[in-house]
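Peer 1: All chains, please: the whole structure from these sequences, using the hints.
Chains as they are written, first to last, in this note's numbering: chain G, 1 to 512; chain D, 1 to 329.
Hints were generated in silico from the structure; no laboratory data involved. Keep in mind the model is a prediction, meaning the values are calculated, not measured. Do not take every clue at face value.
[Claimed, not checked] Among chain G residues calculated to face chain D with C-beta under 7 Å, some are:
(1) R42
(2) G107
(3) D108
(4) Y109
(5) L126
(6) S202
(7) R273
(8) L466
(9) A482
[As the list claims (entries may be wrong)] Covered stretches of chain G, going by a simulated chain D footprint (3 or more residues, C-beta under 8 Å):
(10) 367-380
(11) 472-481
Glycine included, C-beta positions come from ideal geometry on N, C-alpha and C.
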Amino acid sequence: MQAAVLRGGAACAGLGALVPVAYLVLRALEGGEGLVQLLQPRHLTLLGNTLALVGTVLVADTALALPAAWLLGRSELARRRGLVALVAAPVVIPGYIVALALLGLGGDYGLLARLVGWRLPRPQGLWGATLCLTLYTYPYVFLSARAALLGLDPSLEEAARSLGLSPWGVARRVVLPQLLPALRAAWLVVGLYVLGDFGAVSLLRYETYSYAVYLRYAGALDRTGAAALSLPLLGLAALGWAASRAGGGRGVGYRAGSGASRPAPRARLGWARPLALGYLALLVGLGVGLPLGTLFLWLLQDPQAVGGRALAHGLGGTAVAAGGAALLALALAFPLAHRATRGHGWGTAVLVSLPHLGHALPPFVVGLGWAFLGLRALPFLYGRLVLLLLALALYFVPLAFGPLRAAWAQLSPRLEEAARSLGHGPLGAAVRSALPGLVRGAVAGGALVFLRAATELPLTFLLSPLGFSTLATRTFAAASEALFAQAAPFALALLALALPSLVLLLRMERET
Amino acid sequence: MPFLRLVLVLVLGLGALAGAQELVVYCARSRALVEPLILRFQEETGLRVHVRYGTQAELVALLLEEGARSPADVFWGYEASLATLARRGLLQELPAEFRERVAPAYRVGDERWVPTSIRVRVLAYAPARVTPAELPASVLELGDPRYRGRVGWAPPNAGFQTFLTGLRLLVGEEGAQAWVEALRQNQAQPYPNNIALLQALAAGEIDFALTNHYYLYRFRAADPAFPVEQILFAPGDPGNLLLASGAGIVRTARNPVAAQAFLAFLLGEAGQTFFTHDLFEFPAVEDVSPHPALAPLAEELAARRPAVDLGDLWDLPGTLELLRRAGVL
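Peer 2: Here it is, written out as structure tokens:
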């Protein structure tokens with residue numbers, strides 16, 4: 001019976017995430033003409049643009065994040081928690097704020113031109129979009145790679161060195177292969193993010209496929225067309241998911257030997273220390289300093305632009321929406337992660353892949369699916385907070401899933417078997433054996449969902465109860481009317497609210 | 001003053017019901033802009049107002065989907081969405097006082113919605129890079145080689161799309177299509193919205209931009225030296241199209257009396273003064289004068305606007321089709 005609970009929970013998470021996908025496919029099939037449009041050359045160009053952007057962002061993210069992860073995971077700088085938090089902080093900054101900050105820097109009227117007389121071109125097109133997206137997505141790769149580096153058992157590397165491998169050889173043949181599962185997971189998260197992002201890219205005038213779908217949806221009452229156009233995104237997401245799994249196995253990460261693992265020795269930087277600090281300062285300056293500075297400049301235009309009442313309303317809304325979504329997502333991801341590490345066969349693989357597919361769709365398409373489903377099939381839920389929380393939670397399940405799955409994977413099934421042999425049922429055994437190890441994964445996953453749900457826009461816009469608002473929706477509403485002084489306090493409050501959960505996230509991966 | 005009498009009756013009637021009444025507004029206007037006005041209405045009447053904010057397309061789709069189950073009493077949006085809802089039978093006829101309250105020049109030939117504020121399409125330009133002789137007399141000239149690569153436009157923007165709907169009415173389907181094609185060939189630079197257009201003008205990426213009139217004043221409020229100017233084209237030019245924000249009462253409104261009170265408030269002195277002083281729009285009524293900064297533009301408005309009724313600007317689907325055919329959307 002307990003096994004049934006675990007299975008049932010996993011099925012709920014998988015199938016729940018399928019709901020908007022199913023809606024989308026049905027809607028797309030409703031209108032044949034929408035499907036015909038898929039074949040237009042313009043859409044092929046846009047698909048090409050999207051793939052190019054995914055590629056450049058993944059390369060740039062990795063190139064930026066790996067050195068930072070090593071410096072803050074394996075060098076003498078690793079103890080600097082504050083620095084770690086700063087390097088990771090761009091995850092909480094809404095993408096369109098980063099885009100607006102970058103755009104405000106260059107050009108004749110740009111900040112640099114007015115302050116020091118430099119006239120840099122404003123970022124645009126592929127390079128501009130890559131720069132912008134990299135600045136707020138590299139932390140996913142950084143966090144993932146750093147956590148993996150911290151978790152590596154140094155005895156393997158020492159063995160490799162003692163067998164005559166050069167330091168470079170150790171990095172390439174021992175460390176990198178062990179980092180790969182973490183990198184793949186981060187690449188998947190970033191790739192899906194880029195696939196669905198349309199706000200920042202549109203400001204940078206780079207036309208991606210998601211932006212076209214968004215225009216299709218936003219411009220007209222044309223739901224069928226938007227649904228049909230979303231189908232290739234579904235395909236790309238499936239491909240990405242498959243690619244991230246290929247050769248990855250099921251990610252067994254627990255130690256085979258006996259005895260406690262110990263932290264790796266920290267490399268001394270010597271003469272390279274200023275260089276390393278300069279590099280990290282550059283990252284933090286661009287990823288955090290630039291958007292934060294822009295927000296403060298906006299704030300100064302009119303510090304009294306926003307009343308405390310509106311601020312409190314948005315703050316409360318964000319706490320409820322993001323907090324509720326985080327808890328719900330954890331409850332759904334827990335059994336799913338268990339199935340993923342302990343289950344077998346095609347059924348499990350499909351079930352586990354479903355939430356990732358749902359996550360790959362542009363969020364407004366997912367929101368649309370929920371809205372129409374709510375109206376037609378669940379009128380008692382429609383317009384209620386529950387529906388918003390459910391949609392957010394199911395959409396963000398993959399984020400909670402990652403750390404939980406890693407936690408399950410690091411637990412030897414033997415622990416579970418031991419618990420069962422002591423007379424606990426399967427669920428009891430799973431929980432008892434796993435709980436201590438899983439708490440960290442759960443807090444990390446929950447914090448991640450909280451961060452993303454707090455900055456989320458389209459789902460929140462579409463499914464909010466009447467009168468509901470979050471800091472993110474209020475920031476966006478003000479910024480999209482050029483009321484920057486009004487946008488700043490909401491955005492700053494959002495950052496202030498998100499920062500503690502980022503710190504929490506980092507505390508959970510403290511080295512053992 | 002029949003309108004004032006109506007307002008009095010409505011407000012008195014509401015006073016008696018206050019506390020028991022709630023009003024649901026579907027609002028395509030930005031929360032950041034109109035929330036203060038809604039709070040003020042709430043304070044003055046004691047009504048609880050629930051607002052669903054969204055894009056106009058989103059809210060129209062929602063209303064269509066919700067049908068008779070919709071909780072909405074009022075739809076507050078723009079000319080295209082209001083005219084669409086009216087044509088689909090989703091709005092109810094308004095008492096004649098509302099129509100008569102609106103300045104004769106802005107009345108629509110439809111009894112089911114009223115304009116609540118007026119906007120105009122303009123040509124914004126960068127005075128640093130444009131000589132007076134280069135300013136075109138007509139929006140139709142922008143396909144000319146001397147404007148090659150210098151013009152910015154925002155095909156996804158609702159204001160631009162309504163302008164194009166107006167252009168189709170004025171120069172015909174083929175003329176409008178030819179204009180879009182000419183601008184595309186002339187390397188008109190696409191931007192996602194009007195704000196991006198003004199920022200690009202200031203940054204030096206483009207020299208001219210087709211936009212709505214009120215954004216510039218918001219930039220000037222933040223920086224009086226913002227390096228952009230704007231003008232109207234020659235009298236009657238399609239480029240000077242008037243746009244409206246407006247409101248109507250949903251056919252299935254549960255609270256039509258409160259809904260009428262809300263519309264009366266928007267058209268009253270408080271609402272009209274707010275639109276022009278806080279949002280830099282033109283009042284839709286005669287007895288409230290425009291913000292002083294708008295005065296030069298306001299004087300020209302009547303003489304320069306093209307002959308298009310605000311109620312005729314409903315064919316957004318046709319405009320979108322045209323833009324897609326031309327490959328710019």
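Peer 1: Which earlier hints turn out false for this structure, listed by number in ascending order?
Peer 2: Violated hints (numbers, rising): 5, 7; every other hint is consistent with the structure.
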